[in-house]
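Undergrad: Read off the chains here:
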Amino acid sequence: MRILLVSQMYPGPEDPDLGIFVANLERELAARGHEIARAVIDRRHGGRLRHFELLRDARRSARRFRPDVVYAHFLVPAGLAAALATRAPLVVTAHGQDVRNVGSIPGVRAATRYVIRRSAAIVAVSQWLRRSLEEAVPDAIGRIEVVDCGVDLERFAPRDAADARSQLGFDGNGTSFLCLGALSERKNVLRLARAFERRGEGSLTFVGDGPLREALEGRPGIHLAGRVPHEAVPVWIAFTTSSFALGVAAKAHGLHWGEITLMSALVYAGPAQFAVLEALGAGKPGLQILFATLLLNLRFLPMSATLAPYFRWAKGMRLFLAAHLVSPSSFILTHLHVQKEKSSPDSPVQAEILNEEGKYLDYYFGVSTTCFVVWVAGTAFGYWAALAVPPAFNEGLRFVLPGYFACIFALEIREWFLRLVCLISLFVAVPTAVLSPEWGWLVTSLVVATCIWGVERWMQRAS
Amino acid sequence: MDATRVLIVVGMGLVTYLSRVAPQLLMPGRSFPAALDRYLRYLSYSLVVSVISVSLFLSRARFETEAAPQRSFALVAAIVVALLTRSSLIGMFAGTALVLALSWVR
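Residue numbers (the working numbering), protein chains in the order written: chain A, 1 to 463; chain B, 1 to 106.
These are calculated hints, taken from the structure and not from any lab test. Built from N, CA and C at the ideal position, the CB exists for glycine as well. Nothing false has been slipped in among the hints.
If we take Cβ atoms under 7 Å as the criterion, some of the chain A residues that face chain B in the derived model are:
id : residue
1  : 267
2  : 271
3  : 280
4  : 430
To be clear about the criterion: a stretch of chain B counts as covered by chain A if any three or more of its residues have a C-beta under 8 Å from a C-beta of chain A, and this derived list gives those stretches:
id : region
5  : 2-9
6  : 37-49
7  : 65-76
8  : 93-104
Taking CB as the label site, the calculated pair distances span:
id : chain 1 : residue 1 : chain 2 : residue 2 : range
9  : B       : 37        : A       : 390       : 38 to 48 Å
10 : A       : 138       : B       : 105       : 53 to 63 Å
11 : A       : 413       : B       : 97        : 19 to 29 Å
12 : B       : 83        : A       : 48        : 42 to 52 Å
13 : B       : 105       : A       : 384       : 27 to 37 Å
14 : A       : 320       : B       : 37        : 23 to 33 Å
15 : B       : 83        : A       : 219       : 41 to 51 Å
16 : A       : 89        : B       : 37        : 44 to 54 Å
17 : B       : 97        : A       : 384       : 17 to 27 Å
18 : B       : 101       : A       : 151       : 22 to 32 Å
19 : A       : 142       : B       : 97        : 36 to 46 Å
20 : A       : 1         : B       : 14        : 51 to 61 Å
21 : A       : 46        : B       : 73        : 53 to 63 Å
Generate the whole structure from the sequences, applying the supplied hints.
TA: If you want it as structure tokens, here you go:
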């Protein structure tokens, strides 16, 4: 189906967080095979004049694209622009503020009523909003479907919260509160700040920006992290659990608190640290542990090679640190950030970008340093928490990290060859480890990975 | 802290640092071969899954016959819950709760 998307909020180069939910919706529609064209406003500045631009763009797009359906996110002005732009069936979503504007801004009630009458389908993002819209515009009664904006559960799956804590500068004392959203009156951030101050402990971090920033600055215990790129938020929220689980597992394997914390600081590589816990706890040969670490951490080679051009500006200690802080999180975030800037229509030409890569190094340091601090602190905290667990729970402690990794793999692995690698390794590792306790599982992994990789290469060549 | 373990940890740090810094020193400006990238990906997954298997079912090179069925069951349950809820954390908690409950019942 050909769908014309009309919205006055859409992420742009200057405002990457603006109407991100509309972009997500568009992505999901495209993933289902629909053809999408869009007429959107992707910046906050520009005043009311932007709404006339939206109408003009919507008309042009409708003429060129000839949509089967026009979808407007927000009643007015997006719904109005969509209704005036084309005769295609109109689907409109009421998001919140557009309903509150009815009756508070002159002319909006009449415009909203027109949009409602013109619509083939009306969506509200909550039951409360459906009732509010029906009260404000009775023509909508009985015609509204409630469909919330949803959450991208892959993007916002719990991962390492410790990462988030360190990146936001949490010091680990007391309860840490996090508020994500615009610093505006409508989001009630001042009341939240006052409630936090009355509590008298912990820290409160606001991630976002807005007109109330000054009113929130300088308050004790309150940190302002500013506006952040949308893609970094889930990593912040997610980085906690792995490091915590690693600390718990280290305790279960009989390691000392200092040993696992030192390991997190020096090795800073989750899978490798996890892999050697059992061997280290059981007193297996150092050579075996180092070999396993080397094999597992060879995955840093391609990451580091990709990031190498940004490290050209780093000298001495900065280069040492830049290399040490390479992790999947910092690699992916930096790589995506650079790719995004390079693909932006307003981006300078390639040669100019290459001259600016010092700034990407700063971005990399910002992301990676916070990840590192959270990882180390999260491990220590996990170990400390495990100390309070009675012996009757040891069986559970032992399960935590293998169970966590197994769940992550089950959710993340989509490729059949990789699934095959994991399944075969799961079943073959135990018998080979019984046959050769020191080297069995290592050799198994090498053989399984090599065989499947070889088969894949052979099939690629054959096809 | 055990001195041998600390030495091993320091060695692990050095080995890991080598794999991080080598591309900076040896191949600046050159891309990594895609086929090798893929092989390393397979290798790292295989290693971690092997460790999951070994750490769940073996204790000092001995197969834990009594505990293996309940741990297997908990592992499968954790994966199913994770897939249903799209959350690895919830899956892990479900599996941990189940393995605990089964160990107490046993």
